[in-house]
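Engineer: What follows is each chain in one-letter form.
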Amino acid sequence: DVKVTQSSRYLVKRTGEKVFLECVQDMDHENMFWYRQDPGLGLRLIYFSYDVKMKEKGDIPEGYSVSREKKERFSLILESASTNQTSMYLCASSPHPPGGQPQHFGDGTRLSIL
Amino acid sequence: GENVEQHPSTLSVQEGDSAVIKCTYSDSASNYFPWYKQELGKRPQLIIDIRSNVGEKKDQRIAVTLNKTAKHFSLHITETQPEDSAVYFCAAGGGSNYKLTFGKGTLLTVNP
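Sequences listed follow chains L and V, in order.
Numbers 1 to 114, taken from this note's numbering, label the letters of the first sequence in order.
Numbers 1 to 112, taken from this note's numbering, label the letters of the second sequence in order.
Hints are computed from structural coordinates only; laboratory data are not their basis.
Since this is a predicted model, take the numbers as computed values, not measurements.
Fair warning: there could be bad hints in the mix.
As a list, the in silico DSSO-like pairs of lysine-lysine whose alpha-carbon atoms are at most 27 Å apart [what the hints assert, rightly or not]: (1) V:104 - V:42; (2) V:68 - V:42; (3) V:42 - L:71; (4) L:53 - L:70; (5) L:3 - L:70; (6) V:104 - L:3; (7) V:58 - V:68; (8) L:13 - V:42; (9) L:70 - L:55; (10) V:57 - V:42; (11) V:57 - V:22; (12) V:42 - L:57; (13) V:57 - V:68; (14) V:104 - L:55; (15) L:57 - V:104; (16) L:13 - L:55; (17) V:42 - L:3; (18) L:71 - L:53; (19) L:70 - L:57; (20) L:3 - L:53; (21) L:57 - L:71.
Here are some chain L residues pointing at chain V (derived, C-beta under 7 Å) [said to hold, decoys possible]: (22) 42; (23) 43; (24) 45; (25) 99; (26) 100; (27) 105; (28) 107.
All residues carry an ideal CB built from backbone N, CA and C; glycine is no exception.
Make a model of the complete structure from these sequences and hints.
Structural biologist: Following this line, the structure appears as structure tokens:
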């Protein structure tokens, strides 16, 4: 069974801090994704990666960056956290092709920026 | 890019009734259409998916239909049970689309 593990379930940070959200998958999937989930807005793609060191912007990349140094790990970075980045963050992975295969989600990180 | 519209945003049914959730998509290149169920406080989980070479797919009480010409697809849940209460998301992707685009979700409540 696919396991996608996010490092924290809950996180509280202050405005201006640099925040790291970590995600690890154990199925050797090529693709990894970061989504943001807000009530009434569904799942919005922030960034995705289709290979090590490769990344593509999603629909809402502003204020975020990502890092994928190893195939199993995909990190989301908030360069300077702001209150409007308070949200639920979901990581997912899938085999190729990235839009044509089931995505497997982690449990999510609920991030609060004070 | 792809745009997915999902309706209704909330749906309340009595236990044993059927529930139908509908989605439309804009990009005719999309060829993969999954449905996810997200229970309160839990991760989204795939419950059924369909590809564009198939018009209908069933799995016990759940079925999905796809109309490529009209660019819409629907989730049908029969004999609903309280444990079906959750938020359901549709999505479209594949083909020339490198990502899945999700609908905004439907909160389904099944009343005992």
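Engineer: Are the hints correct? Go through all of them and say.
Structural biologist: Hint check results:
With a C-alpha separation of about 17 Å, the suggested pairing of residue 104 of chain V with residue 42 of chain V holds against the 27 Å cut-off. Taking the CA atoms of residue 68 of chain V and residue 42 of chain V, the gap is about 32 Å. The hint is violated against a cut of 27 Å. At most 27 Å may separate the alpha-carbon atoms for a hinted pair to count; residue 42 of chain V and residue 71 of chain L meet this at roughly 25 Å. With a C-alpha separation of about 8 Å, the suggested pairing of residue 53 of chain L with residue 70 of chain L holds against the 27 Å cut-off.
For a cut-off of 27 Å, the pair hint linking residue 3 of chain L to residue 70 of chain L stands: about 16 Å separates their Cα positions. Proximity of residue 104 of chain V to residue 3 of chain L is assessed by CA-CA distance (about 25 Å); at most 27 Å being required, the pair is judged to hold. Only pairs whose Cα atoms come within 27 Å are accepted, and residue 58 of chain V paired with residue 68 of chain V is accepted, the gap being roughly 18 Å. Proposed proximity of residue 13 of chain L and residue 42 of chain V is supported: the alpha carbons are some 22 Å apart, at most 27 Å.
Only pairs whose Cα atoms come within 27 Å are accepted, and residue 70 of chain L paired with residue 55 of chain L is accepted, the gap being roughly 13 Å. As the CA atoms of residue 57 of chain V and residue 42 of chain V are separated by approximately 26 Å, the hinted pair is consistent with the 27 Å bound. Distance check on the hinted pair: residue 57 of chain V and residue 22 of chain V sit about 15 Å apart at the alpha-carbon level, within 27 Å; holds. Between residue 42 of chain V and residue 57 of chain L the CA atoms are separated by roughly 26 Å; this keeps the pair inside 27 Å, and the hint holds.
Between residue 57 of chain V and residue 68 of chain V the alpha-carbon distance is near 14 Å, which keeps this suggested pair within the 27 Å criterion. Distance restraint check for residue 104 of chain V and residue 55 of chain L: the Cα-Cα separation of roughly 25 Å lies within the 27 Å cut-off, and the hinted pair is therefore satisfied. Taking the CA atoms of residue 57 of chain L and residue 104 of chain V, the gap is near 20 Å; set against the 27 Å cutoff, the hint holds. With a CA separation close to 26 Å, the supplied pair residue 13 of chain L and residue 55 of chain L stays within the 27 Å bound.
Taken as a hint, the residue 42 of chain V and residue 3 of chain L pair is honoured in the structure, with Cα atoms around 14 Å apart against an allowance of 27 Å. A hinted pair counts as satisfied when its Cα atoms are at most 27 Å apart, and residue 71 of chain L with residue 53 of chain L qualifies at roughly 9 Å. At most 27 Å may separate the alpha-carbon atoms for a hinted pair to count; residue 70 of chain L and residue 57 of chain L meet this at roughly 19 Å. For the suggested pair residue 3 of chain L and residue 53 of chain L, the alpha carbons sit about 21 Å apart, so the restraint of at most 27 Å is met.
Proposed proximity of residue 57 of chain L and residue 71 of chain L is supported: the alpha carbons are some 18 Å apart, at most 27 Å. Here the hint on residue 42 of chain L is kept, as its CB sits about 4 Å from the closest CB of chain V, short of 7 Å. Interface hint at residue 43 of chain L: satisfied, since its Cβ lies 4 Å from the closest Cβ of chain V, which is below the 7 Å cut-off. Proximity of residue 45 of chain L to chain V holds as hinted, the smallest CB-CB distance being about 6 Å (cut-off 7 Å).
Taking 7 Å as the C-beta cut-off, the interface hint given for residue 99 of chain L holds, the closest approach to chain V being about 3 Å. Against a cut-off of 7 Å between C-beta atoms, the interface hint on residue 100 of chain L holds, since the closest Cβ of chain V lies about 3 Å away. Of the supplied interface hints, the one on residue 105 of chain L holds, with its beta-carbon coming within about 4 Å of a beta-carbon of chain V, less than 7 Å. The beta carbon of residue 107 of chain L comes within 5 Å of a beta carbon in chain V, closer than 7 Å, and the hint placing it at the interface holds.
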